[in-house]
Amino acid sequence: MNFTPAEEPAPPRDQPRLDLAVIAEMVAPGARVLDVGCGDGSLLQLLAQKKGVDGRGVELSQRGVNECVAKGLSVIQGDADTDLSDYPDDGFDYVILSQTLQATRRPRAALTNMLRIGRRAIVSFPNFGYWRVRAQLSLTGRMPVTGHLLYHWHDTPNIHLCTIRDFVELVDELGAHIERGAALDRAGAPIRFNAPWWVWNLFGEQAVFLLERGGKRT
Amino acid sequence: MLPNEMFGISNAWEDLLSIVSETRPTSGEGFAPKTVVFEPDRPLLTDGGGRIAPLAIAYETYGALNAARSNAILLCHALTGDQYAAGVHPVTGKAGWWEAMVGPGKPFDTDRYFLICSNVVGGCMGTTGPSSISPATGKPYGLDFPVVTIRDMVRAQAMLIDHFGIETLFCVAGGSMGGMQVLQWAASYPKRVFSAMPIATAAKHSAQNIALHEVGRQAVMADPDWRSGRYQEQGVRPEKGLAVARMSAHITYLSEAALQRKFGRKLQDRSAPTFSFDADFQVENYLRYQGLAFVERFDANSYLFVTRACDYFDLAADYGGSLAMAFKDIKTRFCVVSFTSDWLYPTSDSRAIVHALNAGGASVSFVEIESDKGHDAFLLHEPMFIATTRGFLDSAAAARGLAAHGNSK
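Residue numbers (the working numbering), protein chains in the order written: chain P, 4 to 221; chain R, 698 to 1106.
Isolated chain R (complex conformation):
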């Protein structure tokens, strides 16, 4: 999503028409992601007692790894993101999800760092997930896919990082569900994370977070085409349910102020209400478009699995109920960022993380960025956020002994 596109609807229907006319499957056909496959002798054993083997991990990299392998940054994507953090997305043809932050001269400087971004386990952009073929049945996993956790996602990422021969990541960064992975990385592999940026995130999913996810899942499951998760074999897709799930979720990524500013009560291509259930209001039109565009690129079962992973996330619970214990004596440098209008993972969630890091004696910076763009602000062009990230990474790079430019060291 480009910053300007996010709230722009002027081209919405043109975009929609172009997408519909070149409908692509989401099960990994039609594009060829870079993939590492871990054979059955190296299974991913999940928190829920499951076993995923073989495990394919689809990834993208940007920039070059230096000789000392000390300039690698892992970017963790959010719920419905993927490995295409920058550049042109092969399915949608749009810019990568963190285009605002990743590229030459940008805070995650591709001239300076080696950036790795992988699709999470349970996803649908090439990494093994519910739409992959189960070796046991020869059919798509569907709901037989093991329920995965944020920690399972991080385990899979660690396998990929091992594959690259990287011992310590210079930084692990991500927002929202990506931020949960950042926190899990720091807790699970503190010595492998030199610096960490958990952004617009929380150390646990709140009752409200779980409730909102459940609405989305029930929308998917209520679609007659969901077929108890066996829709792939039956040649159908629960597009209506998934679109409704996306519409409701999308509202949580914005803010009341942003919706009011962009749409208000403005009508869509008409001068008076039609007294029908057409999308009279621009905001309705916008949400319908968001729903339709989403189902073209995302798998319904994957949506169930990744939302579930977030719901199960409660980092403190793994450490006797104390979040501070998760970060005890950690040497990682943290920069925690929240946004004022984010009501999905509000500043209080970030403060709880900062509190725990302080109690654990960690080195932590914390900034609350003033923005009216809601949760999605972390994906958009926010100058203060960009300046903070640049400053934090520059100082961490100096501490890590990374050269200011190039990959000489």
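Bound-form chain P, shown alone:
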């Protein structure tokens, strides 16, 4: 999944992506992890190496699944929108959705399922509130195309883009807690200064959140 449509080749990933390192940092050693939209399995491999996790993956593209299986990862072909409901409650410690939320048909249902399957969820997504995105739309009057939003409006798989502020609001509505959050720059490195949310919403090109299931949920 990730940013690319299922049929297209995944972008080259010569070195571990910085945003993956940020995600990996949030995972406790030895945890059971489900990576939804695991692509070529880079994050699962990183988690296995750095954290010794028991990792499983779900990936839409046959190419991605084959790459993962060839690497010895346990990955099933499936879709975040339709197949998460098949997983039992509390089957995992963490459910990760890396750069995929915006490509799901029902992001809210996907998040709900994630917090049902695991007590914690880690979500990363491109921030539509990033100042360049805002500037492109307001100054040129056209849908933004940036380093993280590579597609034109008519061929983008990203059908549910949101801002950091929007996401935080949805998390609130779901009754989940934000345990940790980070805004990342273009390269995926965390922005290392303390600032209120609206600042991150302006300067973060992407964001990563570690969520914990709230007590309100039944």
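FYI, nobody ran anything at the bench for these hints, they're computed from the structure. Backbone N, C-alpha and C fix where the C-beta goes; we use that ideal spot for every residue, glycine too. It is possible that some hints are incorrect.
Said to hold, decoys possible - Which residues of chain R face chain P? A few of them, derived with a C-beta cut under 7 Å, are:
1. Pro-730
2. Thr-732
3. Leu-742
4. Ala-976
5. Phe-978
6. Val-1051
7. His-1052
8. Asn-1055
9. Val-1064
10. Glu-1065
11. Thr-1085
12. Phe-1089
13. Ser-1092
Fit chain R to the given chain P structure using the hints.
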């Protein structure tokens, strides 16, 4: 069946003539399969309350067992397959059924693994089945042979694996009915199965699956030469009925797209319809050939028994209706594979297996391979399927500590 032969009909009649001219019996004479015989003190007690003793199991092996006995793979054949997964089939003279996958450098690498394939109990290629002589009567069992299940087939295989002194199989793999055996192996003997590949299969036979099998069985039984299953003693064979059964079954192994691509409405060696019931269409000619070729190598009563075994298969039913319970806490690594155009055991059947494995906490990979070749795609040269199998086995071998090449470990 070779990949290219599968849909090829150009040589069909030549093949047919060669087969007819050297008609061979199917009751185990005329070739000498490798066989282990379990004497009556070690009977196979069947799910249906039957007792099979003595029990002969015909098998074939490829490659060499390593010193640690850790590189053995059991290949489970499909409905009308047999132990000849690779090499030249002694009866048909054609390549083994999984020639695309088994051999040096192929995913089931004979330079690396020790491959075992045995004829299922109830079969007709040397393992005890309805055409074998019943010790009670001195005559062929016929319908007196106990109705066997997939679990009985697996029990018999386990006896063979014990005979080889192998505690844990590195992998159990198979498609279709073979895939059912793989699932049963994992459920019955989870600690003896390090990795498993159930391919193009289902955890239970659907109403449609049972219905299609029943058409085949009724075709056999409607043949006057079936003689209530006593045809062997009376020197006849229900070839017409069995051929019709094969023809109808063969359609279910293909796909509409594949039939259209290969045959369409093309006529057979003629430029206009004959307005008769000749095989005017190529597809008719092809099916008739498939039927005729099949009866030369398969026993009609065996066909009844193996189709019945599939019909009775419902793995979840043995575990309180929960398929997940069948795989609870299993440590086996699974790779489940389905094919997009398989309407006999569609992807939804494989997804149900994957769902249960996930719920049971198993380590599972699942791939749906894009193919228009229908159910039989698993027997053919499908590059993505081959790549998936190779990747899965390589990573499982690394986890098992098997050397990359040779049998040194």
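**Report entry** Interface hint for R/Glu-1065, Cβ within 7 Å of any Cβ on chain P
**Finding:** 5 Å, holds
Query raised in the report: With 7 Å as the cut and Cβ atoms as the points, is R/Val-1064 at the interface with chain P?
Result: Where the cut-off is 7 Å and the nearest Cβ of chain P is about 5 Å from R/Val-1064, the hint holds.
Requested in this report: Hold the hint about R/Pro-730 up to the distance rule: shortest CB distance to chain P must be less than 7 Å.
Outcome: With a closest approach of 35 Å, the R/Pro-730 hint is violated.
Query - Closest C-beta approach of R/Thr-732 to chain P relative to 7 Å, hint status - result: 37 Å, violated
Query raised in the report: Measuring from the C-beta of R/Asn-1055 to each C-beta in chain P, is the shortest one below 7 Å?
Result: Nearest chain P Cβ about 6 Å off; hint holds.
Query - Agreement of hint R/Phe-978 with chain P interface, Cβ distance less than 7 Å - result: 35 Å, violated
Requested in this report: Closer than 7 Å between Cβ atoms is the bar; does R/Leu-742 clear it against chain P? Give me holds or violated.
Outcome: Result: violated, 36 Å to nearest chain P Cβ.
Report task. Closer than 7 Å between Cβ atoms is the bar; does R/Val-1051 clear it against chain P? Give me holds or violated. Result -> 6 Å, holds
Report task. Using 7 Å as the Cβ threshold, decide whether R/Thr-1085 counts as touching chain P. Result -> For R/Thr-1085, the interface hint holds, since the closest Cβ of chain P sits about 6 Å away, which is under 7 Å.
**Report entry** Evaluation of the interface hint that places R/Phe-1089 against chain P, nearest CB under 7 Å
**Finding:** 5 Å, holds
Query - Hint validity - R/His-1052 Cβ closer than 7 Å to any chain P Cβ - result: 5 Å, holds
**Report entry** R/Ser-1092 as an interface hint toward chain P, with CB separation required under 7 Å
**Finding:** Holds, about 3 Å.
Against the hints set out earlier in the document, violations occur for numbers 1, 2, 3, 4, 5.
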